[in-house]
Each structure stands twice: as C-alpha cells, then as structure tokens.
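Protein sequence lines correspond, in order, to chains A and B. Here our numbering is used: the first residue of the first sequence is 1, the next is one more, and so on. Here our numbering is used: the first residue of the second sequence is 1001, the next is one more, and so on.
It is possible that some hints are incorrect.
As the list claims (entries may be wrong) - Below, computed lysine-lysine pairings styled on DSSO-like, alpha-carbon distance capped at 27 Å:
(1) LYS1188/B to LYS56/A
(2) LYS1173/B to LYS23/A
(3) LYS1173/B to LYS56/A
(4) LYS56/A to LYS1157/B
(5) LYS23/A to LYS1022/B
(6) LYS1188/B to LYS1173/B
Hint data in this document are derived by calculation from the structure and do not stem from the laboratory.
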Amino acid sequence: MASQCQLYEDLLVEEALGEIGQKERMFLRAHLDSCGECRARLATLSDTIGVMKREKPAQAPAGLAERTLRRVETAGERFSAATSPYHETILTEPRSWRVRRSLVAWMVAASVLVMAVASLVPEWLGSGSARSLQTCQDHMTIIGTALRQYAADHNGAYPRGPEWYRALDFDYLQRQGVLMCPARMAVGPSSANVTDYLFNPTHVSVNEPADYPLMWDKNSAHDELGRNVLFVDGRVSWVAEEEFEKILIKYKISEADIPWLAPSTDTRGR
Amino acid sequence: MAQRSDEELLAGSLKGHRGDFKTLLERYEGELFNFLYHTTNDRQAAEDLFQEAFLQVFANIERFRPGGRFRPWLYTIAANLARDEMRRRRRRKSVSLDAEVRGGEETAFVDMVDAQSLDPSMAVAGQETAAMAAEMMNALPANLREVVVLYFYNDMKYSEISEALGVPMGTVKSRLYRAIREMAHAMKTKRGF
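Bound conformation, chain A alone (with noise of 0.2 Å):
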C-alpha cells in the first residue's frame, strides 16, 4: 500500500458501511478516481460488510427464559416459594434492609410503650389536652419514620397525591391507627377522612433543608393558638400558628396549589 493511501483507511471503512460523511466522501472519491489499489481494496471491504449484514440474528431457543429462571430459583432462595409478602419479605431483602426495618420496629414499638404509659399514668403528661397532643406527636413521628422508610427506597422521594398515606400501607406503616390524631378521633369518627394530617407532597424529598415542613395537624385540631408539625429531618414540634405561617411563606407553601391542603371544614370538636 502506498504511504499515501494510509490516509484513506478509515474513509474506505466508513465509505463500505455507509457511514461516511459528505466531505469526506467527496474526498475520497477523488482520491479513488486515481488509485485503483483502493478502489480493490474498498470492494473487498464492502464485500466483506455484505457478507456480515446478509446474516440473521440468531434466535433464542424456546423457553430459555423461563429454564434460566428455573436455575435461578434453584440457586437461591429469593424467589422460593413465600406464602406471603411478609414472609416473602423476611427470605427476600437484603441485610441491611432487615436491620434498617428491625430499628423501625423497634422505634414503633418504643413509641408504642410510650403512648402506652402516657395514657395508663395521664397525671404525667398533665390534662388530657397536653395527653393528646403529645400522643399526637408520637403518631407523626410515627409516620414521618415510615415516610423517610419510604423515601429510602425511593430514591429519596416522598410518596405524591391526596392518598399518599396508601403509598405506607402495610410495607411501611403496621398501624394505620396512628394517621388519626387523637384529639378528633376523641369527637367521633370521620367518615370524610382517612388521616387527620395534612401531608405536603409539593417538590418534597429527603434533600430539602432540615426545617422544611412535611406534615402537619389540620387547623384546630388542638386549639388555635398552634398545630404539630412535622419536618423534613423527622422532628415534631408544636409550632405557634404566627410561627407555623411564617414557615409557609418562607418555602413558598400555598395551600391553593395543593387542593388537599384546603382548610378542612370539619367542624368538630377541639
């Protein structure tokens, strides 16, 4: 081959896969017009690449797929046969996961004991109100353990829409007992409601800053001098109402623009 025709290599492969560009073509063409050693080589180029394109995919034997799923649930036990998601669960998720999920539950299970002494021993936690509130507070902590659960999994994103408690049902939340607070649930039952919280699913994540509010009581709930709030860093705080607006105008918080954040209309009792 000639020193100069080197220089053509890569056009005369481009040019016999017909990937070659316009400028580049034109080029070579004018390179080829007076070598007749390229222009042999760039048939056996294209007869080679003929060659290749005029074979067919190979197709798959009938049922490999599901053979090789078979070997695979011969060689572990992931998807052995679980009788139930719990169960399904327990065999499945990695270690970290069952350790990150047995402190959940130990968490709940404190908090449990928690509300459990506050309502056996109330002269502790003062008047009923004070007992309501504070088990109001453990039942967002609660909750926000099984959102930043939910996140975790999730790519640090927060369950979205008016039924984002359903996103928690079972998976992350055991008790769906505590998305009522027990300052309404003491007035009766709500049939409108299935949580007295009002959730905030506006560009939330597990990246927002620490006082971002998650999740907060419905307006009166305990009276209306303040409301529990729950924050993006997992704390519960009783926030002042003057405090509490002040936080929504600083994350630009519009309950307009969340239709399941208008005021309720519940009117029952504080």
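Following the hints, put chain B in place on chain A, whose structure we already have.
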C-alpha cells in the same frame, strides 16, 4: 402504561418479585442470546452462558450500584463469560494443534478456525455465507469480535455499543474498523485473490 425500566425491574427483583426478574429475562432473551451465539458460534454454549450471566446478575444483585444502568452491567458480565469460554476453547485447540504447528509451517490466524466448531446447521449447502461470516468472526480476537457482533447482529449504534461494553465511542469505532479490515483480509486470503 409506560414500560418499566430495567433498573426498576431489577429493584423489584431485589425485593423478591419473581415477575420482575422474569420480565428482565424475557426482555434480554433474544438480544443477549444473539450476542452470545455469535460471539461463541455455538448454540449450546450461548444458552449456557445466557443462564450463567443471569445467575451472576442474581448472585450480585445487591452489589448493583444505585443509579447505574443495568444493560452495560449485563453485557459486561456476558462478555466476560464469553471471553472465558473462548479462552478455554483456545487452550483446548492449541493442545490439539500443537503437533501440527511444531511439525510444519506456521498456522495462519484465519486457519485457526476448526470446521467442527461451526454450528452443524451451517454446513448445510446454501449457508455458505453464514459459514463464511462465522469463520471470519472466529479469526478475530475477543475484543474486536464483541464489537462486530453488537454492530452487525444486534444492530446497535456506536453509542449503544459504547454503553454496553463500557468503552469510549472512539474505541468502538477503531475496533470495528480494525475488525472489518482483518475480516476483509481473511476473506481475500481464503478466496485466493
């Protein structure tokens, strides 16, 4: 409804959802088998390697990097398995050819193809093209053959091959061009012109 991504199916598999893993298997059944078949030129080996690749996916599912892409990961596993298989075969072949090489003239690279290694179906008259393609492919080193298979048989673009094999696009092009030149040379030699 939008099709679930490979990564979502893998996450479902991690949670123990058998159906998600099955969907992944079915999604790659044709594509990956095709890659393995043309890389090894052996249907039985391709089926074994397909199963082995997904066994490795299953065994290492917890090590899958969050935010990573499943397809390149799968192809990396499959390509490594195919390379191992070809190395094993080459070792076996080098033993059987040893006497011939020592006793006579040097064996040309393109002559290393053992006719018996070809799929029996290719020996049927009228399939000379397939046999020729397989022969040219077998003469290539593994890293070139992978690119050729993905380009011609899996119909992938340069960017897709780059992603699947985890190499830069420039490397994909240079490997493909080199492979085509070597195959053209082999074909010219075989045809005696």
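Holds or violated: LYS1188/B to LYS1173/B, with C-alpha atoms at most 27 Å apart: Roughly 22 Å separates the two Cα atoms, so the pair holds.
For LYS23/A and LYS1022/B, compute the direct alpha-carbon distance and say whether it is at most 27 Å. Status violated; Cα separation ~48 Å.
Going straight from one Cα to the other, do LYS1173/B and LYS56/A come out at no more than 27 Å? 22 Å, holds
Pair hint LYS56/A and LYS1157/B, alpha-carbon separation not exceeding 27 Å: 17 Å, holds
27 Å limit on alpha-carbon distance, applied to hinted pair LYS1173/B and LYS23/A: 19 Å, holds
Regarding the pair LYS1188/B and LYS56/A, is the alpha-carbon distance no greater than 27 Å? At roughly 22 Å apart (the allowed maximum being 27 Å), LYS56/A and LYS1188/B satisfy the hint.
In summary, the one numbered hint that this structure violates is 5.
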